[in-house]
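Enquirer: Based on the provided sequences and hints, a complete structural model is requested.
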Amino acid sequence: MKAVVITTPGDADVLQIQDVDDPQVKDDEVLIKISATALNRADTLQRRGSYPPPKGAPPYLGLECSGIIEAVGKNVQTWKVGDEVCALLGGGGYAEKVAVLSGHVLPVPKGISLQEAAALPEVACTVWSTVFMTSHLSKGENFLVHGGSSGIGTFAIQIAKYYGARVFVTAGSEEKLARCKELGADVAINYKTEDFVARVKEETGGKGVDVILDSMGASYLQRNLDALGLDGRLFLIGFQGGTVTEINLSTIFGKRLTIQAAGLRVRSAENKEQIISDVHKHVWPAFEEGKVKPIIHTSLPLSQAAEAHKIMESSTHIGKILLIV
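Note that the UniProt record's numbering has the sequence shown beginning at 1, numbered continuously upward.
These are computed hints drawn from the structure, not numbers from a lab. One thing to keep in mind: the hints can contain errors.
As the list claims (entries may be wrong) - Only pairs whose alpha carbons sit at most 20 Å apart, straight line, appear in this in silico SDA-like list of lysine to any residue: (1) K293 with A178; (2) K33 with P301; (3) K139 with K26; (4) K2 with K74; (5) K33 with G73; (6) K192 with L230; (7) K192 with P53; (8) K2 with A306; (9) K207 with D231; (10) K201 with T251; (11) K26 with Y51; (12) K255 with A71; (13) K181 with T193; (14) K26 with A99; (15) K310 with K33; (16) K255 with L230.
Claimed, not checked - Have a look at the derived ranges for each label pair, beta carbon to beta carbon: (17) L230 with D22: 52 to 58 Å; (18) M1 with K255: 28 to 34 Å; (19) A306 with N271: 28 to 34 Å; (20) T298 with K207: 36 to 42 Å; (21) A198 with S268: 26 to 32 Å.
Don't be surprised by glycine CBs; every beta carbon is placed ideally from N, CA and C.
Expert: So, in structure tokens, the structure goes:
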């Protein structure tokens with residue numbers, strides 16, 4: 001099969017399509033003929049050599065895909081050849097085929113095209129596991145997501161509104177803020193011109209928000225703690241703003257704050273299966289009701305993976321970037 005290969009760690013132009021061995025399907029796996037895959041920030045880190053795939057995962061980029069099942073392992077009961085699906089991957093989405101555990105596969109939601117479905121697994125599983133399963137965002141609470149125009153952000157806005165939260169976002173341009181408002185954000189803050197802590201306090205009568213989803217890390221940590229209210233929960237899913245900082249512990253102590261962090265890719269197979277089961281139960285109905293939709297910035301052929309990476313690293317996109325296989 002053909003796959004996008006990292007010829008050597010570096011900039012986007014190191015990505016090239018090459019012929020590689022077909023994946024071998026194990027007893028508990030299905031083989032998916034890939035229709036599309038979607039970019040994630042982690043792909044750019046892996047390309048640069050700083051985010052290696054977990055043990056046993058394909059060496060190729062791509063943490064999610066959609067496609068049609070071409071073969072099933074002998075222990076697989078849930079799926080059959082010909083099923084249209086999307087899947088959460090440890091790697092291997094930038095290719096023509098991928099083998100994946102059957103428990104990491106989801107049906108394409110009604111009303112969503114096969115290609116669009118490639119944009120769903122990573123964002124849905126990331127947001128649901130962090131914001132809802134762990135941070136327990138509930139109806140009527142205030143929720144802040146940084147990078148509201150990203151793939152994660154555009155989904156988080158919609159699913160948080162679906163479950164009755166009041167949504168705050170940060171983004172870096174008026175165009176991005178306007179799009180976030182269209183998706184349901186109640187308060188949109190330009191982080192380049194506004195202090196998000198002050199705006200949060202203003203909009204909440206000084207109380208602060210209940211849950212924050214953050215991919216910045218060190219550069220936002222103290223400000224995130226300041227923006228949280230009593231019993232607030234901060235979940236870190238990235239470190240775009242660095243990994244080392246100094247904070248005032250009295251902020252955590254005084255407001256009984258909870259700080260947690262986790263990646264999705266390195267979780268155990270069993271943990272991912274539980275998350276996917278929960279997503280199917282609680283998130284898929286929102287897609288099928290048309291209340292939550294995939295936001296696609298652009299779709300490019302697999303041969304233009306390098307160009308897709310350049311778009312992602314420019315941070316000019318709103319929503320997800322697809323590669324069509």
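Enquirer: Now tell me if each hint is right for this structure.
Expert: Results of checking the hints against the structure:
1. K293 with A178: holds (17 Å)
2. K33 with P301: The given pair, whose Cα atoms are some 15 Å apart, holds under the 20 Å limit.
3. K139 with K26: violated (42 Å)
4. K2 with K74: Distance of about 26 Å is beyond 20 Å: violated.
5. K33 with G73: Roughly 15 Å between the alpha carbons, so the hint for K33 and G73 holds.
6. K192 with L230: violated (27 Å)
7. K192 with P53: violated (34 Å)
8. K2 with A306: holds (15 Å)
9. K207 with D231: holds (11 Å)
10. K201 with T251: holds (15 Å)
11. K26 with Y51: At roughly 25 Å apart (the allowed maximum being 20 Å), Y51 and K26 break the hint.
12. K255 with A71: violated (53 Å)
13. K181 with T193: holds (18 Å)
14. K26 with A99: Holds - the C-alpha atoms of A99 and K26 are around 8 Å apart, at most 20 Å.
15. K310 with K33: Given that 20 Å is the threshold and the Cα spacing comes to 26 Å, the pair is violated.
16. K255 with L230: Distance ~5 Å between K255 and L230 Cα, so the pair holds.
17. L230 with D22: 52 to 58 Å: The hint (52 to 58 Å, Cβ to Cβ) holds, given that L230 and D22 are roughly 55 Å apart.
18. M1 with K255: 28 to 34 Å: violated (52 Å)
19. A306 with N271: 28 to 34 Å: With Cβ atoms ~33 Å apart, the hint holds.
20. T298 with K207: 36 to 42 Å: Since T298 and K207 have Cβ atoms about 39 Å apart, the given range 36 to 42 Å holds.
21. A198 with S268: 26 to 32 Å: Violated - the Cβ-Cβ distance for A198 and S268, about 41 Å, lies outside 26 to 32 Å.
Hints 3, 4, 6, 7, 11, 12, 15, 18, 21 from the list above are not met by this structure, while the remaining hints are.
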